[in-house]
Amino acid sequence: MEADPRKLFGTDGIRGIANKDLTPELVLKTGKAIAGFISGGKERARILIGKDTRPSGDLIETGLSAGIMSEGSDVLSAGILSTPGTAMLSKLIDADGAIVISASHNPLEDNGIKIFKKGGVKLTDKEEKKLEDIILNDDRKDFTGRTGLDIGRQKIIPDALDMYINYITRGFRFNLAGLKIAVDCANGATSVAVPKVLSMFGAEVISFNTDIKSGLINKDCGSTHPEVLRRLVKESKADIGFSYDGDGDRVIGCDRFSRILDGDVFLAFSAILMKENDTLKNNGVVTTIMANYGLEKAMREKNISVYKTKVGDRYVLEKMIEKDIIIGAEQSGHIIFSNYSYIGDGLLSTLIFLDLLYESRKDPDTVYEIIEHYPQVLKNIKVKDKNLIMQSPELKEKITEAENYLKGEGKIVVRPSGTESLVRVMVEAETMDVVEKIQEDICNIIHTIK
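Each residue of the sequence shown is one higher than the one before, counting from 737 in the numbering used here.
Worth flagging that the hints you see were computed from the coordinates, not collected in a lab.
Please read these numbers as outputs of a predicted model, since none were measured by experiment.
Wrong hints could be hidden among the right ones.
[Stated by the list, open to error] Computed list of lysine to aspartate or glutamate pairs in EDC-like fashion (alpha-carbon distance at most 16 Å, straight line):
| # | residue 1 | residue 2 |
| --- | --- | --- |
| 1 | 1118 | 1108 |
| 2 | 743 | 864 |
| 3 | 778 | 810 |
| 4 | 854 | 864 |
| 5 | 1038 | 1014 |
| 6 | 743 | 898 |
| 7 | 854 | 869 |
| 8 | 743 | 757 |
| 9 | 765 | 869 |
| 10 | 1098 | 1012 |
| 11 | 1147 | 1177 |
| 12 | 949 | 1145 |
| 13 | 1033 | 1145 |
| 14 | 916 | 1099 |
[Stated by the list, open to error] Distance windows between CB atoms, simulated:
| # | residue 1 | residue 2 | range |
| --- | --- | --- | --- |
| 15 | 760 | 895 | 28 to 38 Å |
| 16 | 898 | 1105 | 49 to 59 Å |
| 17 | 887 | 1036 | 50 to 60 Å |
| 18 | 994 | 898 | 44 to 54 Å |
| 19 | 881 | 913 | 28 to 38 Å |
| 20 | 1102 | 1036 | 17 to 27 Å |
Beta carbons are placed, not taken as given, at the ideal position from N, Cα and C, and that holds for glycine.
Using the sequences provided together with the hints, build the complete structure.
Structure follows, in structure tokens:
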């Protein structure tokens, strides 16, 4: 429950309300700092920029690009492209680094800046802190201010989306003819790619929330609104449905019985079938502290090792690399198959899931039952000062009291959001009555902290 020493960076890059927290001045300075950080003294770095469909995307891309070019590096503009698509494309074209302009699943008023090193790998906490210090210290010696021929240039990559699609689909040969799939693309970065790719493999695709010009990204849709996916699958009479977040690094599913297939289900289903196929490297998976106990139980029954990390897909990846494991996931829908990509990719995860489903000849309606789902409820509480809440002795005492009551038959996770002014309270227990009672007690304590 320690406070995060970083001021700009959260769980996944820099985020805030566009043109209020993320001002043009801050964005320009951030672009300058990123150019210096990525170039590392190189005369002319090539930095790829992709973005989701937020109204403020052009504003922030312009500021970042100006900052980057003023420091002598070139900008490669991919236009609207998912976070995983941008990271993967940066590797394909051998860019020196990449930036994604997105606030992921956050409201449309927000935006953010995600930064990748060469090869499409996210920065470590230490690297983010170093970059943050450059941005905030405002020391002019960190910036070179190029002139004449030394100023960077901008190049548009018109076929960025096609390059990404061609790359991720190249290894799959399954046929989805006869399968009806509903997709909710959150009016975000996957709005073109997902329907196109699933149709390529023969599925009948019923698309929802694919208006990339509306600016209504994540507005009452997408992976943070599973109730919408349930309704869409039911109304369209689809065999299965998938829902993505605004920048495309998350996916959740839904079967015909309105049961949500979250990251825990994706992980368990994939790991068990991969083990049966003898492709589960080192017989292990990585998840986070938010995972349902049913996942751990299912893995234990199959003699598959489970390694846990704190919340954040990059922490999942770090543990995967440490243990030499090729699959990890967060319950929220970040699913990483490291033999394909080093970050969560909603579309790629969908393809792998459907490939395993096709090869195993399993019915989509049986997937949910692969794990036993323990009652688990997550509440988000809006607060003014996350650090004040997390340092509260009263809160710590209440959590300890509740954990003693559970006696190991459940789980309590109280953590600050890395991207919003929220404290998240997750409680899991054998019965819903116990879950609701403990959660109410903890939430009441949080509301009293001033």
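Hints and how they fare:
1. The suggested pairing of residue 1118 with residue 1108 is violated, with an alpha-carbon distance near 31 Å, which exceeds 16 Å.
2. Between the alpha carbons of residue 743 and residue 864 the distance comes to roughly 10 Å, so the proposed pair stays at or under 16 Å and holds.
3. Taking the CA atoms of residue 778 and residue 810, the gap is about 12 Å. The hint holds against a cut of 16 Å.
4. The straight-line distance between the Cα atoms of residue 854 and residue 864 is roughly 15 Å, inside the 16 Å bound, and the hint therefore holds.
5. Taking the CA atoms of residue 1038 and residue 1014, the gap is about 13 Å. The hint holds against a cut of 16 Å.
6. Taken as a hint, the residue 743 and residue 898 pair is broken in the structure, with Cα atoms around 37 Å apart against an allowance of 16 Å.
7. Between the alpha carbons of residue 854 and residue 869 the distance comes to roughly 21 Å, so the proposed pair goes past 16 Å and is violated.
8. A hinted pair counts as satisfied when its Cα atoms are at most 16 Å apart, and residue 743 with residue 757 qualifies at roughly 12 Å.
9. The suggested pairing of residue 765 with residue 869 holds, with an alpha-carbon distance near 12 Å, which does not exceed 16 Å.
10. Distance restraint check for residue 1098 and residue 1012: the Cα-Cα separation of roughly 14 Å lies within the 16 Å cut-off, and the hinted pair is therefore satisfied.
11. Our distance criterion of 16 Å between C-alpha atoms is met by residue 1147 and residue 1177, whose separation comes to about 15 Å.
12. The hinted pair formed by residue 949 and residue 1145 fails the criterion: a straight-line CA distance of about 48 Å is larger than 16 Å.
13. The straight-line distance between the Cα atoms of residue 1033 and residue 1145 is roughly 12 Å, inside the 16 Å bound, and the hint therefore holds.
14. The hinted pair formed by residue 916 and residue 1099 meets the criterion: a straight-line CA distance of about 13 Å does not exceed 16 Å.
15. With their beta carbons about 30 Å apart, residue 760 and residue 895 fall inside the hinted range of 28 to 38 Å.
16. Taken as a hint, the range 49 to 59 Å is violated for the pair residue 898 and residue 1105, whose Cβ atoms sit roughly 38 Å apart.
17. One distance hint, 50 to 60 Å for the beta-carbon pair residue 887 and residue 1036, holds here, with the actual separation near 59 Å.
18. Remark: the range hint 44 to 54 Å for residue 994 to residue 898 is contradicted by a beta-carbon distance near 35 Å.
19. Under the hint 28 to 38 Å, the C-beta atoms of residue 881 and residue 913, about 58 Å apart, miss the expected range.
20. Checked against the given bound of 17 to 27 Å, the beta carbons of residue 1102 and residue 1036, roughly 20 Å apart, stay inside it.
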